[in-house]
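So the sequences go chain by chain: A and B.
At position 107 of the first sequence the residue is numbered 107 (this note's numbering), and the sequence of numbers has no breaks.
At position 278 of the second sequence the residue is numbered 278 (this note's numbering), and the sequence of numbers has no breaks.
If you are wondering where the hints come from, they were derived from the structure by calculation, not from laboratory data.
A couple of the hints might just be wrong.
Identical copies go unnamed one by one, so any copy, or any two together, can satisfy a pair.
No farther apart than 20 Å at their CA atoms in a straight line, the calculated lysine to aspartate or glutamate pairs in the EDC-like style are these [unchecked claim]: (1) Lys294 <-> Glu54; (2) Lys310 <-> Asp6; (3) Lys112 <-> Glu10; (4) Lys112 <-> Asp6; (5) Lys203 <-> Asp18; (6) Lys203 <-> Glu10; (7) Lys112 <-> Asp236.
The model shown is predicted, which means the values in this text are computed figures rather than measured ones.
One letter stands for each residue in the lines below.
Number of protein chains: 2
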Amino acid sequence: MAVYTDVADEDLAHFLADYDVGALLSYRGIAEGVENSNFLVHTESGPYILTLYEKRVNASDLPFFLGLMNHLAAAGIICPVAISDRHGNTLRELAGRPVALISFLEGVWVRKPQPVHCGQVGAALARFHLAAEGYSLTRPNALAQPDWRPLFQSCREGADVVLAGLEAEIDRELAALQRAWPEALPSGVIHADLFPDNVFFLKAELSGIIDFYFACNEILAYDVAICLNAWCFEPDNSFNITKARALLRGYMEVRPMDKAELTALPVLARGSALRFLLTRLFDWINTPEGALVKPHNPLEYVRKLRFHQKISNASEYGIDV
Amino acid sequence: MAVYTDVADEDLAHFLADYDVGALLSYRGIAEGVENSNFLVHTESGPYILTLYEKRVNASDLPFFLGLMNHLAAAGIICPVAISDRHGNTLRELAGRPVALISFLEGVWVRKPQPVHCGQVGAALARFHLAAEGYSLTRPNALAQPDWRPLFQSCREGADVVLAGLEAEIDRELAALQRAWPEALPSGVIHADLFPDNVFFLKAELSGIIDFYFACNEILAYDVAICLNAWCFEPDNSFNITKARALLRGYMEVRPMDKAELTALPVLARGSALRFLLTRLFDWINTPEGALVKPHNPLEYVRKLRFHQKISNASEYGIDV
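Extracted from the complex, chain A is given alone in its bound form:
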């Protein structure tokens, strides 16, 4: 959470004059996201988010992300939209960075999700998958299954520091997933990062989803697997089958998964656990002490991975198969 780039008052006022949003009233840097600089901007027409894309984001991906938000919103998904300037552009430049003015979504993210939240997240994810159909742009998943081994090569020296024996365990899992990874499952645009801090609620009703900067083309059920990991474990890393049942039922009521998807779910959940384990391991060993952003502990995902390794059938996630 950080603001990497300051924006001068005059520059912002000048920038906003190209939009039909009224005059600038105030702006504050917000502690949100580790990749970009974000400001909560108030204008005469309401609140907005101003996002300056810092160098960790590939600028050539931005049209995909911004276009996706607007495609989804047009299809009825409640999510932020990129505002067009008077010339129809959503992507501009400010303070030397690519920048977008984005609508502000009210809602709070839930620190302790309950089954009632998980059910709505499942349904929202399915609606996302359906709404994204027909989106014209594509973006490969930069963290897809074939990318995990080279990622691990760049941080394997940290594995046994985190946990004795972890390096060998990851090597075995990489090999197992390479063999078992499903092919030809239904795919499309996935969110790929639908963690609790990216889902807003108002009075226990889902009020929107945000942060599309990992979205990509991938197996749809892999997105479900990411959510199982993100929403259905307790702080002590125990699996909460009530939450999983709610999440999967919520999803299936909107977009039923077919037999092949359900069969693959345990492997996809292992893959998702390994993917977050690896990026957390990478960040863990590459974050200097005293840094702005504290890295997440990779161990959480070791435990989730081991849980899914013991699952032989998706019914153990709480649904009829």
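Add chain B to chain A, keeping to what the hints say.
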């Protein structure tokens, strides 16, 4: 700029239920202030600032600060006010910290102040001084002239690292100011930190002043001297007499300074420069590399100090004496 303490959604909703502000809609940690955690909160009744006071702030000072804001607002100063809960309390506890819900002030701070801004700041400072008369609480200045020598003892080893010869220069200045420091000048509650980032403008009109966490009882003209240093030098540290004239005239039109105050102004400006030089020097040597907050360069205030040492008469600041 930082958020040191997270606040859980349920805790905040529960907290806000004790206030007459409507339901919680959203909240974002904002990158503001180095002492506290701040959130921009939207409720059904509008935006608010939620401030959690971290340990660098002395909790026993909080009633002074919050009471001052409300006293000033009642006297017509445009500044944030501390909102009272249903029991009349402005100071509560949340996430283990003292906390206050504060009204949100629209406006932006000006990165490159012009004389038109300086004139309004001078007038606003004078109105602040007059409006604070009759405020019942008092708070001694924790960074008053007698405190500078012990402060320097705690960081003198950094002086010559910043600039060769600076340690001896500060020693001489401390002795000179101890001898020359004025007594019996008009005093009252001062803001003590009215830098550009604490003054909001909307379309070149001053729209409010914020951040009262250095306010204290002190010589009123010392507050003017702080503003001379904060507003009337260019980025290259050259003195801009046009800005100083505007600031001083703006002040004097609301609260004329008497002969003794004007005579003391150069010494007060030296004292103000030394006070910020010393705290910056302290922060400079006590900030670990890669820390959240980058310390200000103390050198800026060495140059300001040297400028004021050459002033023999307040007329050199651009006003008739």
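Verification of the supplied hints:
no. : hint              : verdict
1   : Lys294 <-> Glu54  : both (18 Å within a copy, 19 Å between copies)
2   : Lys310 <-> Asp6   : neither (49 Å within a copy, 35 Å between copies)
3   : Lys112 <-> Glu10  : between (41 Å within a copy, 9 Å between copies)
4   : Lys112 <-> Asp6   : between (33 Å within a copy, 13 Å between copies)
5   : Lys203 <-> Asp18  : between (36 Å within a copy, 17 Å between copies)
6   : Lys203 <-> Glu10  : between (38 Å within a copy, 10 Å between copies)
7   : Lys112 <-> Asp236 : within (13 Å within a copy, 51 Å between copies)
Of the numbered hints given earlier, the model fails hint 2 alone.
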